[in-house]
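J.: Listed below are the residues making up each chain.
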Amino acid sequence: MSTAEAAALQGPVLVPTFAPVWTLTRRDLLLAARRRVEALLPLGFFIAAAGLFPLGVGPEPQMLRQIAPGVVWVCALLAAMLSVTQMFSSDDHDGSLEQMLLSPLPLTLQVLGKVCAHWLSTGLPLVLAAPLLGVAFDMSAPAILTLVGTLLVGTPVLSLLGALGAALTLGLRSGGALIFLLVLPLAVPTLIFGTGAVGAVEAGLPAQAHFSLLGALLIFTGLGAPWATAAALRISLD
Amino acid sequence: MFKNHSGLTWFTYAAPSRFYGMAGKAIPWLWALCLALTVAGLFIGFGIAPTDFQQGDSYRIIFIHVPAAWMSMTIYAAMAFFAVLGWAFNTRMSSMYARALAPTGAMFTVLALWTGALWGKPTWGTWWVWDARITTEFILLLLYLGYMALTEAIDDERRAANAGALLALVGAVNLPVIRYSVVWWNTLHQGSSVSAAGGNKMATTMLVAMLIMTLAFWAYSFAVAFTRARAIVLESERDTEWVRSLTRG
Amino acid sequence: MYWNSFNDFVHMGGYGLYVWGSAGMALLLMLVEPILAAKRHRRALEQAASGDNE
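Protein chains in written order, with my numbering: chain A, 417 to 654; chain B, 39 to 287; chain C, 851 to 904.
Quick list of in silico lysine to any residue cross-link-like pairs, SDA-like style, CA-CA up to 20 Å:
#, chain 1, residue 1, chain 2, residue 2
1, B, K159, C, H861
2, C, K889, B, T285
3, B, K159, B, G94
4, C, K889, B, L68
5, B, K63, B, L73
6, B, K159, C, L867
Over 10 Å on every C-beta distance to chain A, these chain B residues come out as not near it, computed from the model:
#, residue
7, V77
8, A116
9, S283
The hints are simulated quantities; they were obtained by calculation from the structure and are not laboratory data.
Yeah, the Cβ is synthetic: ideal placement off N, Cα and C, and Gly gets one too.
Chain A on its own, in the form it takes in the complex (with noise of 0.2 Å):
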């Protein structure tokens, strides 16, 4: 269904404005529990790629939870940057994101109300597995805890950059290896303050600052990657 119609089965135009964009959340949300196998298939890769590495480089539990946090973490990226090359392709087949682009609603909210369905159904099942990934790892308990906190501010982050690589990339036949090449560079400083995080806490040290600077990005990226898209998507469909 398209936001139009979604919203008209709102009611009357008692809401806020920012109720659509919900709306637009909760169709996406409800688009993917139809199809729910191809939603979890990133969580089915992150769980696999990560557990791939124990068997590549050997099961002692202290080189394992040496490279755990960086594992962990590029795996998440990865799996993010497969989840993320259907989430205009879709709309786009079907006309909506026509509509979305003619509808009076700010593009800019739209493609956050799409981030956020993104996050919800491929982000957060990342972060609730992490735990199963630490523990294979031999981490420890602050540590896994950390690397959990790492993933649930991180994991936005990646949504809202992938969204920005696949409005760039949209109707092309590269697909996830451009897109990947396209938002890695942007994505590094997550990495980096994720892991470290991690790192940090692994060594008894605080990990405040990494936090701080890691919700600094999310900002900074929840309020630039969003109108970036819009553009973005204006660019591939004028």
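Assemble the complex: chain A is given as a structure, and chains B and C must be docked to it using the hints.
T.: Leaving out everything else, chains B and C in the frame of chain A:
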């Protein structure tokens, strides 16, 4: 729209045909300038400048490494500038020039990384060092490759130009953030980072040589970017009258 | 001149491999790139010319 008399305006070379002519005349001069500056720079840097107290003669790599790194960053800024200009004012020549700059910028990034590695080996013992500057340079290479890949993957010229402009802008805005995070990451993992330039107390001859080499690389960049831009102009403007008269004559 | 002999110059205080490896790569890249660009220009000219003759 554009002035037709011979007075130059800011928009004179926005017309691909005029750019094509101007660039064609300028290229030989740019090569001559590049050659002269390179000979002078290398003469001073490799021939006259004294050896470094700590590093020995391996330091002379900076006369190539530092100018290459500077160019890689300058060209990225220029590329982003012209791309965004083309996007904002809908001037196709600006976008074409941005696309012409990209491979040259990427080349200098590769050169900076290569010479950085060759400098790192005798200085720090390993070929590849994840020092902050080299790591940032590597990420800059990825930004270039991303720009080139995106503009190549899109068939529609205008969409390719504008998408590239947005990507270049996003990259330019994020570069300080990326640089900061990499420096932070590097000091975290390596303790005190080795100063690649050997401190501010550089002999005057060394500074002069580095400046001359930078200007030489600048002239080179103009020469190559102009050449490539002329090719891109021909590719895009094939069906226009001025190109037809050009190839007929 | 800083150097006493040509051999000293090539030797570069023992770092010859690194210095000339850098200079060599620079020369290589800065020769290949303009040649490729010139080739692209020539190809574009030919294609523009051949397109007219149809």
